[in-house]
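Chemist: Since chain A is already given, all that's left is putting chain B on it; use the hints.
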Amino acid sequence: MTRVTRFALRDPGATARVSGFVAHLRDHGFALGVFETQTAMQALTHINAADPVQVLLALKSVCAACEDDSKRFGALFDAYWRNEGRVRHKTAPGNDKVARHTRTNREALGQQSQGSGTIDSPDAGGGEAMADGEGRLVASHVQNLMKKDMRDLVSPGDIAEAARVARRMAKAMRDRRSRRRIAARKGAQIDFRKVVRKSLATGGEPIHLPRRNRPDRPVQITALCDVSGSMTVYARVFLSFLAGLIRVDDTADAYLFHTRLARITGALRDDDPLRALNRLTLLADGFGGGSKIGSNLALFAQTYARRFVSGRSVVIILSDGYDTDPPAVLAAALRDIRRRGCKIIWLNPLKGWKDYAPVAAGMAAALPYLDMFAAANTLENLSALERDLAWV
Amino acid sequence: MTEWMTLSAQLADHGYIASPDLAMALHIAQKLGRPLLLEGAAGVGKTEVARTLSAVFDTKLIRLQCYEGLDASHAIYEWNYQRQLLAIRAAAEDGKTGRAVEDRIFSEEFLLQRPLLQAIRQEKAPVLLIDEIDRADQEFEAYLLEILSDFQISVPELGTLTAKTRPHVILTSNGTRDLSDALRRRCIYAFVDYPDRQTELAILAARCPDLDARLAGQIVGFVQALRKEELEKKPGIAEMLDFAAALTGLGLNDLNDDPHILRATLVTLLKTQSDRANVPIEVAQRLAGKAA
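Order-wise, the sequence lines are chains A and B. Each residue of the first sequence is one higher than the last, beginning at 1 in this note's numbering. Each residue of the second sequence is one higher than the last, beginning at 1001 in this note's numbering.
Bound-form chain A, shown alone (with noise of 0.2 Å):
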């Protein structure tokens, strides 16, 4: 047997020990409540509860809801039970207490990150923005371990707003009902050449009357948000944005990457705003960091893609198109992407500048694959959009 934590002497029991088990997962983003322990209690009474290799896979199936949580499991019950005593039980943040200290970007930046820049150029100070004398946004290697408060970012007020623009952009890409009518449970018609044939079956009474609708051909929005450190200055507009459009929308899909790709969709989804943009800074972890564009989205197309994009789907790239990955490995993953059957739209808020031309290399590359780029900074830029979404 391996090491096993030493709880304090004054512990009381067995249930106390599971539920703060239970607790610990909580922190750690599962979905658990009073349900799942009383679950888990349950099911540590049908197996030998001394043996770790059976507790574990038990509290395993209980606990564990889903693919993510079902492969994190493992390290996250080594922590509670074998780590000598070390439970370690608030490394999460998404608390109020952790958050509060890191929240003015400036104090966390001078005292805490590696980076050297400052909020709207990543790099400042010997970085390459400075050397180059032009003031140049460029893309930032540098993984930003601070964490970054999300609720300074974007604030209740602001997602209402972004939730109008995002309903009125929803609703114009969506409405894609067909011309054609077909057989359809409900509808407003009625199919009567079926009703005569079915009538015969009853004789000659029309007991059933099957309608005809015209299908809805729904278009799905998946949303991917650049949050590297270039990124920074818009992130406020476009993640309200993304959280307006999660809420009006049921099948939209959001991600936001900066190093690395995060789904957050479930997190958006949340009932309560507020608690939803805590999920996020949870999830935003390393935010404001560098940038690996096309390494990202060739993750994305290997893995949520073949999920959730088809034929009738709509990606949105929320990014400033400024790459560390070579260029080719953008350009495929978009290949990658589009070979789904889905329609690409690339919002860029440094198009709305004056004479703002694509010639970073990672959108230049990008440009072949994309059906639509165009220029998007606040909310004013996206709700005008509206008109040429309808067309896509």
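Certain hints may be false.
[Stated by the list, open to error] In the BS3-like style, the derived pairs of lysine-lysine whose C-alpha atoms are separated by at most 30 Å in a straight line are:
| no. | chain 1 | residue 1 | chain 2 | residue 2 |
| --- | --- | --- | --- | --- |
| 1 | A | Lys71 | B | Lys1228 |
| 2 | A | Lys198 | B | Lys1096 |
| 3 | B | Lys1031 | A | Lys71 |
| 4 | A | Lys71 | B | Lys1290 |
| 5 | A | Lys343 | B | Lys1233 |
| 6 | A | Lys71 | B | Lys1233 |
| 7 | A | Lys186 | A | Lys198 |
It is worth saying that the hints were derived from the structure and are not from the lab.
Modeler: Chain B alone, transformed into the frame defined by chain A:
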């Protein structure tokens, strides 16, 4: 031997090699009387679990295949309208009317039982397999939740039909859409992954007992290596078994014998054009060489 290992051994007797994760989840789900939700890529043997379980318990397997637009009349029950109408006509000729006829045509005799109702009306608890729940609509998912929590179905004309026995419920999902948290919470969960080398060898041995041990090792090694390549659709266990069957059918004793036959048999493993293009003959040979 503890109970869950007994279950695992029983499954193995019936030709299903379960990972410890899965065996434990099955055990817990049985003990607590909860539905078991299985997720995983296509072809890792999710549906097969239910089939084997019904063999282990020596009971019926009732299967409900979900699809978009699946509704209550296909999943739960429906009145047999034609027979009802005939009964009304016949009754009218006999001169019977009113109450008596009504009671007769709304009796269980005229009720068409669909899988969910069947499952709770069995004398011996069956295994109820709800396949690809992610394909059904969200409304159906909500309805299912209700049935899975109290195991009773109310038919307005008949009253509430309660379960005679509690079926062993297994739900499978391929992840084409996110399931609701409510459904996940009700279920015991197991993620079925591609098996490791040992497990896969055991599966192959269980399914093709006459296969030469060396060739079996090569086949498993080759398929495992192939899964590490960048493919659109990774070969599952079913594909691996097809591959083994194809090789034995062609009388190949060693993967490295004939690269052209190897290439030809890849049709059992690679199911898209681009995957075929990604694994040219040289790559296949290299993988086969490593697997030996």
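Chemist: Of all the hints numbered above, which does this structure not satisfy? Sort the numbers upward.
Modeler: When the structure is compared with the hints, none of them turns out to be violated.
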